[in-house]
Structures are given as C-alpha cells and as structure tokens.
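Enquirer: One letter stands for each residue in the lines below.
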Amino acid sequence: MLVQLNNIFKWVQSGGQRIFLLKDINLEVEEGEFISIMGPSGSGKSTLLNVIGMLDAFDEGEYNFLDESVHSLKEKDRSRLYKQYIGFVFQSYHLLDDLTVQENLEMPLLYKKMKSPERKAKVADILDRFNIVAKKDLFPAQLSGGQQQLVGVARALIANPKLILADEPTGNLNSTQSKEIMELFKQLNQEGVTIVQVTHSETNAAYGSRTINLLDGRRII
Amino acid sequence: MFKNYIKIAWRNLIKNKAYSTINIGGLALGMAVALIIGLWMQDELSHNNYFTSKDKIAQVFQSQTFNGETDTGPAIPRPLEKALREGYGDNFKHLIMATWTNDRYLKYNETSISRSGNYMQEAAPELLNLDILKGEKDGLREINSIMISESTAKTLFGSEEPIGKVIEVNNQYNLMVSAVYKDIPFNNTFNDTEFIIPWEQYLSSNEWARNAVDNWGNNSYQMFVQIADNANMEQVTDKIKDVKKSLNEDSIDFNPQLFLFPMKDWHLRSNFENGKQMGGRIKYVWLFGIIGVFILLLACINFMNLSTARSEKRGKEVGIRKSIGSQRGQLIYQFLSESFLVVLFAYFLAVALVLLSINGFNDLARKEIIFPWSDPIFWAISLLFILITALMAGSYPALYLSSFKPVDVLKGTFKAGKYAGLPRKILVVVQFTVSVAFIIGTVIVMQQINYAKNRPVGYDKQGLIQVPVMSQDFTGKFELMRSEFIGSGAVSQMSSSSAPTTAVWSNYSGYTWEGKPEGFQEDFAWSQVSPEFASSLNLKIIAGRDFSREFATDSNAVLINETAVKYMGLANPVGKYLKDSNEEDPAEPLKIIGVVKDMIAQSPYEPVKQAVFAYDKDNSSNYYNMRLNPDQSAGENLAVIERVFKEHFPSIPFQYDFVDQEYGRKFAAEERIGTLSGIFTALAILISCLGLFGLTSFVAEQRTKEIGVRKVLGASVYSVWNMLSKDFLKLVIISCFIAVPIAYFVMNGWLQEYPYRVILKWWIFALATVGAMLVTVITVSFQAIKAARANPVKSLRTE
Ligand SMILES: Nc1ncnc2c1ncn2[C@@H]1O[C@H](COP(=O)(O)OP(=O)(O)O)[C@@H](O)[C@H]1O
Ligand SMILES: [Mg+2]
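The listed protein sequences correspond, in order, to chains L and R.
Residues in the first sequence are numbered from 0 upward in steps of one, following numbering that gives the first Met the number 0.
Residues in the second sequence are numbered from 0 upward in steps of one, following numbering that gives the first Met the number 0.
Heads up, some of the hints might be wrong.
Computed cross-link-like contacts, BS3-like style, restricted to lysine-lysine with a CA-CA straight-line distance of at most 27 Å [said to hold, decoys possible]:
1) R:Lys2 x L:Lys134
2) L:Lys73 x R:Lys404
3) L:Lys121 x R:Lys608
4) L:Lys82 x R:Lys404
5) L:Lys135 x R:Lys312
6) R:Lys645 x R:Lys539
These aren't lab readings, by the way, just hints derived from the structure by calculation.
Can you make the complete structure from the sequences, with help from the hints?
Expert: Put into structure tokens, the structure is as follows:
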C-alpha cells in the first residue's frame with residue numbers, strides 16, 4: 000500500500016467555530032494506480048492533495064505512507080520522505096523564474112545531494128525524453144504554457160518518485176496541450192508511476208483508473 | 000549548491016537594478032564609514048607603537064594641591080633626578096632629563112632653518128628606540144654634538160654627508176652632527192623632535208638651569224624613564240610618590256605626589272582632574288566607534304527592510320523550493336549566501352569609496368592614515384567584518400523568508416506585507432531615531448563652537464601679528480626694532496611680551512597684598528610686557544592708567560586683569576602693592592597702576608585666569624606683538640616688515656603668526672569633531688532616506704492596484720499621496736520622540752566639560768524634528784506622487 004488515509008479531518012477556527020476543510024476522508028492508493036479527484040471549486044481537492052503530499056498538516060486521523068505513519072513523523076523526516084517519493088505538478092507550473100529549464104530540472108537533484116556527473120546525466124536524459132533539449136537554456140518566461148508544464152512534469156519526475164501529485168495540471172492549458180500532458184501521464188502510469196490528479200474535466204478524469212468525488216470536504220463516492 | 004544560490008542571487012541583483020543599487024550602494028556607504036572610522040580608531044589606539052618598549056616607558060608627573068585644588072602636570076624640578084638615580088636607580092633601565100620641545104635656528108653655511116627639538120640626556124636614543132641611519136647611537140655623549148632627523152639632515156645638507164658637519168644653533172654655539180636618525184613617524188609623541196642636543200649643553204649655556212640643580216621649587220623640566228624589565232609601573236610609583244615631599248620641607252603644604260604616567264596613556268588618557276586620571280581622547284575613540292556601528296546598522300536595516308518588503312516575490316520561490324524538497328536550513332543558508340554576496344560587493348565598493356575619500360578625511364581629521372593594503376590582519380578583520388555584516392543584514396530576512404509555509408504561498412492567498420509590517424516599522428523607527436539624534440548632536444556641537452568663537456576676547460586680534468624673538472640675537476634690540484618697524488610705516492604700534500597673547504607660559508605664586516586671607520595659596524598667570532602692550536593689543540584699561548615711559552617708577556609697576564581684582568578681593572586695586580612673600584630677601588614690591596579687561600589667553604571655554612602683567616625691565620621678551628598699519632594691505636605690511644627684519648637679522652628666518660589665526664587654532668579639536676559629526680550625520684540621513692525611498696517604492700508597487708481602483712473611484716492625487724506618506728510620517732514622529740530625550744541627555748553631558756557653554760534651547764530639538772519630517776516627506780513624495788499620478792487603467796490591466 001502506497002497511501003492509506005484513515006478518518007482524516009482538517010479544520011480551521013473562525014469566530015469560535017470550526018470550519019471543516021476535510022471531513023472523515025478515507026482513501027487507499029495502491030502502487031501503479033492513476034486516480035482522479037473531482038469536485039466543485041472549494042470542495043477541498045487541493046487541500047486533500049496537499050495533505051497527501053505532506054505539504055499541509057491535518058488535525059485528526061491517520062496517514063500511512065509506505066507503512067510509515069506520517070502523522071507521527073517529525074518535519075524533517077516528513078520532508079525526507081516526500082523528497083524521495085513524491086513529485087508535484089502545479090496548475091500554474093511554479094517554475095523558478097530566475098533559473099533556466101536545465102537548472103530548474105536540476106534543482107530537486109541538488110536537494111537530494113546527488114553528485115554532479117550523475118545529475119548532469121539525469122538532466123540530459125529527461126530533456127531528451129521530453130523532447131525539450133533545444134529549450135534547455137531558456138528561462139520559463141520564454142516558453143509557452145504547455146512547454147512550461149512539460150518542464151513542470153519533467154521536474155516532478157526527475158528524482159524517480161513513486162507518486163506524482165498533480166493539482167489541475169492542465170487548468171491553464173488549451174485542449175491540444177492538455178491532451179499532450181494527459182498522454183504523458185498515461186504513459187508514465189504504464190511505466191509504473193502512481194498518479195493522483197485533481198481535475199475539472201471529465202475527459203482528463205477518464206485517463207485515470209478511478210475517480211474520487213469531493214463535496215464540502217467529504218468524499219461522496 | 001552554493002554555486003546555484005549565487006547564480007540565483009546574481010540574477011536577482013541584475014533583474015532588480017533599482018533595488019540592488021539602493022541595497023549595495025547604501026551598504027557600501029555604511030561600510031565605508033565603518034571602515035574609515037575603524038582605520039581612524041586603529042590609528043588612535045596604535046599611537047606610540049613606534050616605541051618598542053611602549054609598555055615600559057613613562058613620564059614622571061607631579062600633582063600639587065593649591066587651595067584644595069590639585070594640579071597635575073609633567074613639570075618636575077632638577078634635584079629629583081639625583082634623588083631617583085641614587086635612591087631608586089635599580090627600578091629604572093633608563094632615566095633621562097629633558098627640556099620642553101622648542102624651536103631652534105639651525106644654520107649651516109648659508110642655510111638657516113627653524114626646527115623643533117629637545118635637549119636630552121645620553122640614554123635618549125636608547126629609550127626612544129631611535130633608528131640610527133648614520134653615525135653613532137650614543138651620539139649625545141659629547142657635549143658639543145647634535146643628533147638630527149633624516150629630514151632635517153636633508154634640508155640642511157642636501158646630498159652632502161651630514162656626519163661631522165658643524166651646525167650653528169641659535170647663533171649661540173656650534174655643534175657637530177654625531178648621528179642622523181630616521182624621522183619618528185607622525186602617529187607618535189616626539190614626532191616633532193627633529194634634533195636632540197645633549198642636556199649638558201643646555202646646562203652649560205643656561206646659568207639659571209645650572210643653578211636649579213638643588214632647587215626643588217623650580218618645576219621647569221621633564222623626566223622620561225624606562226622602568227627595569229622586571230619592574231611594574233604601579234609598584235615604582237608607590238616607591239617614588241613621596242620622594243619630593245620627604246626631601247623638600249617647603250613643599251609639604253602642596254603635598255607633591257610623584258607618579259609614573261605610562262606611555263600607553265599619553266595620547267588617549269591624558270586628562271587629570273583634581274589629581275585623578277580622567278580619560279581624554281579615548282572618549283572620542285568610543286564616540287566615533289559607536290557612530291560607525293550605528294551607521295553600519297542603518298545600512299543593514301535598509302537591507303533587512305528591502306528584503307522583507309520583497310518577500311511576496313521571494314515567497315513563491317520559497318514555496319516551490321520547499322515543495323521540491325528543500326529544508327528550512329537550506330533556505331536560510333541560501334538567503335545568507337545572497338546577503339553575503341551583496342555585502343561582498345558592497346565591501347569592494349566601500350574600499351573604493353575609502354580610497355577616494357581617505358586624503359580628504361586625513362586633512363579633516365589631521366591624520367596620516369594609509370590604506371593598509373599589505374596588512375594580512377586588516378584583510379582577516381575585513382573578512383570577519385563582511386561575515387558579521389552579512390549576518391547582521393541577512394539573518395532576519397533569512398529567518399523570515401524561510402519560515403513561509405509552501406501551501407500558503409502556492410495557493411496564492413499569501414500576502415507577505417502583513418506579517419513583516421511591524422518589525423519593518425520598528426526598524427524604520429530605529430533608523431530615524433539614530434538620524435535625528437545625530438542631527439541634534441551635530442547642531443549642538445556647532446552651536447557650542449560658535450558660542451565660544453563669539454565670546455569677546457578682550458582685545459583686538461585682527462590685524463595683529465606676533466613674531467617669535469627667542470634667540471639671544473634679539474636681546475636689547477627691542478627699542479631699536481620698535482622704532483625701525485614703526486618708522487617703516489608697516490606697523491602702527493608694537494610691544495614685546497614674554498609669552499604669546501594666545502597662551503599663558505608662566506604662573507607665579509609668592510605675593511602678598513593688603514587683606515590677603517591667611518593661608519591663601521595664590522597663583523597668577525604671569526608675563527612681562529613692554530609698556531606698549533595694552534595699546535598695541537587695543538586692550539582696554541578699565542581702571543587706573545597704562546604703563547608710561549615717562550615715569551621711571553613704572554619699572555616696578557604692574558597691570559592686573561579684572562579677574563585678578565576679584566580674586567584678590569580688592570575694592571580699590573589701583574595704588575595697592577603686590578609684595579614678595581619671601582621675608583628674608585624680599586624683591587621690590589610691585590605697584591598696581593591699572594586694571595585691564597579680561598583677555599582670553601587660554602581656553603575659550605574656560606573662565607579667564609587672574610593675571611599679572613609686569614613691566615619688562617630685564618629684556619625677557621619672547622614675542623614682538625605688531626599692530627599692522629590698517630591703511631595698507633596685510634601683504635604689503637608683511638613684505639616691509641620682513642625686509643626690515645632681514646636687514647637687522649640676516650641669518651634668522653622671519654617667522655610670524657596672525658594672532659586671530661593662532662587664536663582660531665584653539666577651536667581646531669572641536670571643529671574637527673563638528674565637521675566629522677556633520678559629515679557622518681549627513682551620511683546617516685542619506686542612508687536612512689535611501690531605505691525609505693526603497694520602501695515607499697515597494698509599498699507603492701504593492702498597492703498599485705488599490706491606488707488604481709481608488710483613482711477610478713475619484714481619489715485625487717493629493718489623497719493618494721497623503722495615504723502613502725502618512726504611515727511613514729507617523730514613524731518619523733515617533734522616532735523624534737525617542738531621539739530628543741536621548742540626544743538631550745548625551746549632549747548635555749558633553750557640554751558639562753565646558754565651563755563656558757551654550758544653553759540648550761528647545762528650538763534646536765524642534766528644528767531637528769521638523770527637518771527630519773521634511774526630509775521624510777520629500778523622500779516619500781518622489782514615489783508617492785509617481786504612483787498617484789500613474790494612469791489607473793494601465794495599473795489595473797497588469798493583473
Ligand atoms: N487556511 C485556510 N483557512 C480558511 N479556509 C481555507 C484555508 N485553506 C482553504 N480554505 C478553504 O477551504 C476550502 C477548500 O479549498 P481548496 O482545497 O483549495 O478547494 P479546491 O481545490 O477544491 O477548489 C475553500 O473554501 C477554501 O476557501
Ligand atoms: Mg484547488
């Protein structure tokens with residue numbers, strides 16, 4: 000089991016009242032799955048994804064990742080865990096504006112303290128695989144949205160994660176670009192990478208093996 | 000990884016040019032000031048380091064108590080030498096008697112120059128660690144020898160071999176050059192000792208000095224010692240402190256206390272108050288040190304504020320980095336490397352600024368500081384300085400920025416300004432508090448100087464020159480020279496005096512007078528003057544009459560000043576007598592014939608001392624005081640005076656001083672402080688304003704959209720400007736409230752040192768406050784008005 004969420008609650012205090020962002024979420028993700036999370040805006044999809052990605056804390060419940068109980072880990076160990084196993088893809092790409100494509104791709108490897116020759120090889124590898132060798136010295140602002148997201152996915156993938164978390168990865172893209180990214184996800188999934196994506200589009204959701212629906216922080220299917 | 004950080008930092012610097020300029024420029028200014036002040040402090044603290052035995056060298060000082068007030072000084076009597084050599088010799092490695100440093104004419108062939116130097120005993124070259132370039136180290140052994148400095152040798156002999164040449168000193172005696180020593184560097188006592196003549200020569204050519212061998216009352220000499228290697232200053236002082244008292248009964252009333260004044264204190268801790276050592280210049284070393292730290296702090300605050308103000312931009316980067324695996328420590332490290340880079344740039348710029356300004360600074364501060372290029376310690380300290388500054392400027396932004404939560408930032412709901420607002424405000428308040436305090440301090444220093452400068456000196460110092468006439472050549476020539484000079488038309492009145500008008504050279508006790516209280520230990524400033532003294536100086540006689548050559552009895556007459564009248568408690572001083580208190584063989588009593596206005600001869604900050612001006616009947620003139628002919632230009636007058644002088648004294652260099660300039664030198668120390676603190680204040684304000692300017696532009700940028708909306712809704716330029724300026728103005732007003740009491744407290748303390756001091760007025764503080772507010776408004780307005788006038792349609796479209 001890759002991810003196991005048991006009775007997860009998350010809330011914020013507002014005017015003496017608890018506002019629930021996640022209510023009693025149970026979810027299991029097996030390795031090799033491709034899951035789509037759907038739901039109206041404000042229903043808690045991003046919150047759930049961030050909890051799975053360990054970027055955000057929850058208030059109640061249990062979370063086991065590869066049989067390690069995330070809720071009892073220290074900040075540092077949690078960061079080690081997601082650094083090793085999880086890659087993020089964001090709706091607005093979130094590339095570092097001041098770094099070139101190549102340098103952006105290199106960044107996660109630097110944080111893993113990988114040696115330079117190995118790093119260079121990996122970067123060259125992924126540039127090649129994503130067909131963006133020609134763009135390697137450009138800055139994000141010089142790329143189209145689709146190309147930026149391609150780099151975003153490449154960056155999420157470069158450290159060989161087991162799990163990719165993508166929050167509306169095609170939200171800012173046109174339909175051709177969307178399709179390209181979804182095809183890429185499908186291919187990655189076939190190669191064994193587990194994917195959890197948030198999406199508004201039925202078409203995109205269909206790429207996944209199953210769909211989870213949220214409403215007001217609660218799972219409805 | 001470090002390379003990566005530096006790359007990002009570098010690209011950030013390039014991309015935000017305005018921000019980088021403010022940041023690096025401001026820091027460079029701050030660091031340049033800190034560097035210059037550091038070099039200055041180092042120079043002050045290394046004073047006398049030329050002397051290898053600095054820790055073992057001392058001058059013998061003496062404290063004596065008159066009327067309950069203790070005077071401390073270096074003047075000691077001759078018999079002390081014998082007493083110390085015979086009774087305490089093993090405490091000293093070297094002991095030398097010396098005269099005061101004085102000017103002498105040195106003549107070789109046709110070259111005649113005036114140089115300052117001393118008469119000293121044989122061990123002087125050892126004690127002073129003289130670097131002998133030519134000749135012998137024990138060059139003072141022969142009574143007819145003279146040791147001269149390298150530059151003196153060059154001026155006198157050019158390229159000729161100096162050793163063995165004969166120099167005529169003051170047209171009095173001939174001495175043979177026995178050694179040439181390397182000039183003692185600027186930053187040391189004895190720097191102005193350009194020749195040394197054997198003490199024996201001094202004794203043989205001055206009868207009264209020879210006769211003073213057993214006179215404990217004649218405190219006219221100096222004594223320098225190097226204590227034995229195993230001795231320590233306090234212990235030796237303990238042994239010798241009562242030597243004079245025990246050997247000279249007459250002095251018991253004054254309780255003479257001898258002590259060793261260590262060389263390491265000569266420069267920085269030379270103030271004595273009532274017999275106690277009370278600091279000195281060290282105060283200014285501290286003061287400027289604190290100013291340096293504050294100015295650097297101001298620049299660091301700019302860095303902190305601008306970094307955190309930009310946090311919204313940097314926040315996104317923090318979020319991304321954290322989401323791809325960065326830990327907080329790594330981010331802190333990253334931000335610190337960035338500040339290190341900025342500080343490094345600023346440092347090199349600061350070094351350039353220091354190099355550009357060091358000559359000007361040396362002129363202002365009367366220093367000869369050289370940039371220590373080749374000193375490894377300097378570079379080591381510089382590196383430390385860079386690291387400390389980088390930490391000081393970078394740690395707060397690093398801690399702050401790295402604390403962002405990735406979710407907050409990436410969700411886009413993140414508004415940075417809110418969190419950093421308070422610390423930023425506090426830092427701005429700190430900046431302006433320092434600046435306002437500096438403004439007030441500088442204004443008060445300037446006021447005090449002006450106040451003392453405008454104090455009436457009691458005589459007319461304009462158009463008055465004094466010519467030193469200390470050599471034997473002038474003896475008995477006064478009458479002749481006076482008629483020659485006046486006859487030449489360049490001089491309208493001329494007198495002679497035993498001391499310059501701008502100093503007191505002798506003090507005298509030993510008078511009694513009618514009504515003198517029992518046990519009163521009197522002490523007068525004392526000088527001998529020719530009858531024309533008052534008229535040549537335009538010194539007003541306020542009671543009685545001036546000297547007159549008509550009355551033969553005036554040779555035993557004196558003038559006293561107003562303070563002396565009060566001091567002696569005389570209701571009708573004119574016609575009273577000053578009698579010699581020595582009853583066995585009394586000198587003629589001196590008749591007080593007139594009272595002159597108080598004339599400031601010493602410190603313009605202190606009360607005028609009671610003074611006696613005696614008729615000069617034994618040719619003891621050391622100065623001619625000449626009132627220049629007011630109908631001609633000073634230049635014309637001086638040319639004539641020099642020609643007449645040369646006709647009579649062809650071999651003596653013509654020297655003169657304008658009395659008003661000489662008097663002006665009394666303000667030099669305070670004026671230096673005033674000028675320097677003025678410059679530092681200006682820099683502090685500039686740095687603070689740079690920061691404020693940067694902050695406003697960020698705030699305006701952050702609020703572009705809000706401003707756009709407001710304008711669309713009909714807000715005027717004025718109301719937008721008001722909205723942006725108000726916040727900062729509030730901060731500056733708070734700063735003023737903090738700065739005013741601090742400045743008042745500190746400056747009031749500083750003024751207590753000056754008995755004649757300006758009264759602090761409330762308007763100085765009001766002025767500084769208004770000034771700071773004005774500067775703030777102007778600085779803020781640059782950006783505020785720009786933002787307020789921007790086309791709202793444009794700013795709304797940018798989102
Ligand atoms: N820190 C927070 N404080 C208060 N409300 C929050 C916070 N974070 C998220 N929310 C609210 O929780 C709800 C779920 O947010 P989110 O997970 O971003 O929804 P989705 O991604 O499905 O559109 C929204 O109504 C949002 O306003
Ligand atoms: Mg969302």
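Enquirer: It remains to establish, for every hint, whether it holds in the given structure.
Expert: How the hints compare with the structure:
{"no.": "1", "hint": "R:Lys2 x L:Lys134", "in the structure": "holds (22 Å)"}
{"no.": "2", "hint": "L:Lys73 x R:Lys404", "in the structure": "holds (16 Å)"}
{"no.": "3", "hint": "L:Lys121 x R:Lys608", "in the structure": "violated (90 Å)"}
{"no.": "4", "hint": "L:Lys82 x R:Lys404", "in the structure": "holds (16 Å)"}
{"no.": "5", "hint": "L:Lys135 x R:Lys312", "in the structure": "holds (24 Å)"}
{"no.": "6", "hint": "R:Lys645 x R:Lys539", "in the structure": "violated (33 Å)"}
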